[in-house]
Amino acid sequence: MADIPAEGLPPADYAALCDFLRARTGLSFTEAKRYFVDRRIAARMAAVGVATLRDYLNVLRFQASGEELQRLVNLMTVNETYFFREKYQLDCLVRSVLDELARNRRPGSRLRIWSAGCATGEEPYSIAIMLLEQWSRVDEYEIEILASDIDSAVLERAREGIYDERALQGLPAHLRSKYFQPVRGALAADGARWRIIEELRESVDFSLVNIADPRQVQAFRGIDVIFCRNLLIYFDDLGRREAAGMFYDALAPNGFICLGHSESMSRMSSLFVPRRFPDAILYQKPAEGGAS
Amino acid sequence: MGLVRKKPGTGIAVPHVDDHGMGASVGTADALAGLGDADPAVRRQAAHALGQAGDPGPAAIAALAGRIEGDGDPGVREAVLTALARIASPAAAAALVPFLDREDAALRNAVLESLQQMPAGVAAPALLPLLDHSDPDLRIFAVQGLGGLVHPDRAAWLAAVMEHDADVNVGLAAVEALAEAGSPEALSSLERLARRFPGDPFVAFAVDTARSSFRGG
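So the sequence lines, in the order shown, correspond to chains A and B.
1 is the number of the first residue of the first sequence in the UniProt record's numbering; add one for each residue after it.
1 is the number of the first residue of the second sequence in the UniProt record's numbering; add one for each residue after it.
Okay, chain B solo, but in the shape it has when bound (with noise of 0.2 Å):
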């Protein structure tokens, strides 16, 4: 015993892939029936296999929608977000937003990490809607959503929030998203912001930070 020695022509088959291409090996509806399958190898292969078929259609993206609390498996779960990230298409957007109003925080960090992982001009559009929200709680995962995108309208987007939100936290939220990213052009709603709650002192302090980090000091 001790380290197997190989022998010639033993060892691992890792298959040639002849068009150096990735998950066309598996057809959509195979990948579709195999989400359902009873071993949760198979349903996050299939997952993995919609993930990388372009846009597989709608379809399997409410059939992956489906398996994201319908599936008792982590791993499933995780290889769904994946792959709806990974589809990236305005309907895969659409199908993870609202999982942002569920209880399970864990869930609805990775659907916030998925919209943050598809490019900023396909998540956007999906999170924008919730800051018009009533549940400020939904509107405060939207800005921290679309905190996380690389775009250009990102500022005024969390500008506006400062601006208008009448809920302070949904403010707060804005205020710690532009801080992260340093917007010193937010500087004038950070101080609309402090005005508008003038007796609250966590805003004074949270503006106050951002503003000394737009500063440099």
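Bound conformation, chain A alone (with noise of 0.2 Å):
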């Protein structure tokens, strides 16, 4: 039986659990979250069948397979995302950055987009639709989309595809018939489902990564736009701008990135220039050097 008090972990052990979550995932929690918290901590510790704290992180730290920290961070990621979410910075893609990007690329050339805390794949699926129908040049590139998430689980859900109304809800009907399928038998048991067609599944190429692990960002480079949307809101400060500094070595100069519409990269870090297009401001990586 878990060890947790009624009115939960003691402020000791919750701090030691917050700097041990904070320091291997680069996930922030306060005293704010400590309802969220506590609840999942102590469903993990009575599923692993540990009673105390202590031996709770033990697992954490030492089990080989690090199947227990993945099982924690996924439960204590939020992914309630939707299609064509803040579509102004969708349009704001194909209405003005990628022109810029092409200005000065051959056609032919690769043109790489990474959403970055994809969740359930909502974001790369709508930027992957956003570029067939409204991007008069998408067949000049090779356009490549990346798309990755801290939690395993929503990325199995992300690459198969298949979604409710709720998460359809803000795409318009022609879309959602020419891009989704119906789903029929038990997966749509519990209301109606639709499922994204396999030439878009195969179109996102989908990763897990903790972007707070350097070696794992590694693996992204030359990346000309990165979607980071309502993701960095996890973190603390210093985690936000050692996460602006992966970003930055992942883009390619004059690369852009898109934070979602409460966040402000200039809060984060001064490497980025602010750049102001008609549907959205986006921060630029400048050509060579830094902004300040």
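Among these hints, one or two may not hold up.
Claimed, not checked - Result set (DSBU-like, lysine-lysine): computed pairs, CA atoms no more than 30 Å apart in a straight line: (1) A:Lys178 with A:Lys33; (2) A:Lys87 with B:Lys6; (3) B:Lys7 with A:Lys178; (4) B:Lys6 with A:Lys178.
What the hints contain is simulated information worked out from the structure, not anything from laboratory work.
Please dock the two separately framed chains into a single complex, following the hints provided.
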């Protein structure tokens, strides 16, 4: 039985747990998130069969497979999203950003877009649909869409590409019928479901990545546009600053990063130049050297 | 052309990290060597690695500090400052303090931000001695740095500045820092600052503004 008092973990234990999670994953939880953390820790301690937080931390630290840490991370991240969320930023991509990037590229060359913190896949698939539907030069370039998340369970769902009505509510009907197929049988038992077509599923390269780990982010280089929306809200100030540094390394010169509407790069790092486009503000890595 | 469709077995190769730790694969010695590499990307990676190495020791901290002004790449400078903020040892804090007197305002601000991103118990001992420095600009930076820390003695430090610092601008910096967080317990120190500089209309204005913010209106 998990030995967590009704009022939750003692402050010192809670702090030790938060320090551990921050160091391993970049995720930052304050006292304000206690209700969220305590319940999930208690559930995992019970599932693993340990009585004290100390024992549970030992499992997280020393389990060779890292399975329990992955399970906990999967529980600790919120993955609420939907197609065409904050669409003005996708409009900015197809109306302004890609044209600017393509200006100095030969037709046939590659453009790389990375959806960091892609959750169940709505964002990278929305990007794919926007490119196919609204960027007139889409067939002149090889466009690679990469997508990553720290949560292995949501990545499985992203690869599967099956969505309910709520996820598709922002999608015009003609796009739904063009890019999705109704799911029948057991998968639709709890309500209508649609599966994104195979061509799009094969157009997004999903991978399990902890963006707080430089070794993993090192696989991402020469990226032209990074979408990192509503992900860094889970990080503390220093974690955000470190993540900004990682994205700086991942981006090609003149590459762009797109943050969530409530986030501002100027509060995280001085390395990027804000760029105001008609539809949105993005942040750009300077061609040579940094912004400061 | 168009969207690149992935084929089985292809795709981005993200290394599996068996120990789920960060930065452990690069030894301190390798990272130190990397700090001197000709490629700025390698220098940034080296700084990241040192930042994730716990306390990498005095030689590494000195090498990182040496890159703050010695490296022409802003990305490396930012990676170095972030690494020192992450190391967050007394030595790392002490290594940052000398840069607060530089003319480069962007550098000063980045250094101050790095100190503020350290635990208050580490940053405060590095900043407090600056309150007695002969240069009022440095005292102002110390006030700004201390004002951004979450520490139980924060209001007391700033109150002491308002009551004793001979330079009106240093006192005003303390007022500003206090007003941002709203610290009503410092009200009496605020009144004292107003009495110490009775002829200065800006002091009167700043004190009035802070007083209103403390009183919620």
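Verification of the supplied hints:
A threshold of 30 Å between alpha carbons decides the hint, and for A:Lys178 with A:Lys33 the separation of about 41 Å lies outside it, so the pair is violated. For the hint linking A:Lys87 to B:Lys6, the alpha-carbon distance of about 26 Å falls within 30 Å, and the restraint holds. Restraint check for B:Lys7 and A:Lys178: the C-alpha separation of about 23 Å stays at or below 30 Å, so the hint holds. Restraint check for B:Lys6 and A:Lys178: satisfied, since their Cα atoms lie roughly 21 Å apart, inside the 30 Å limit.
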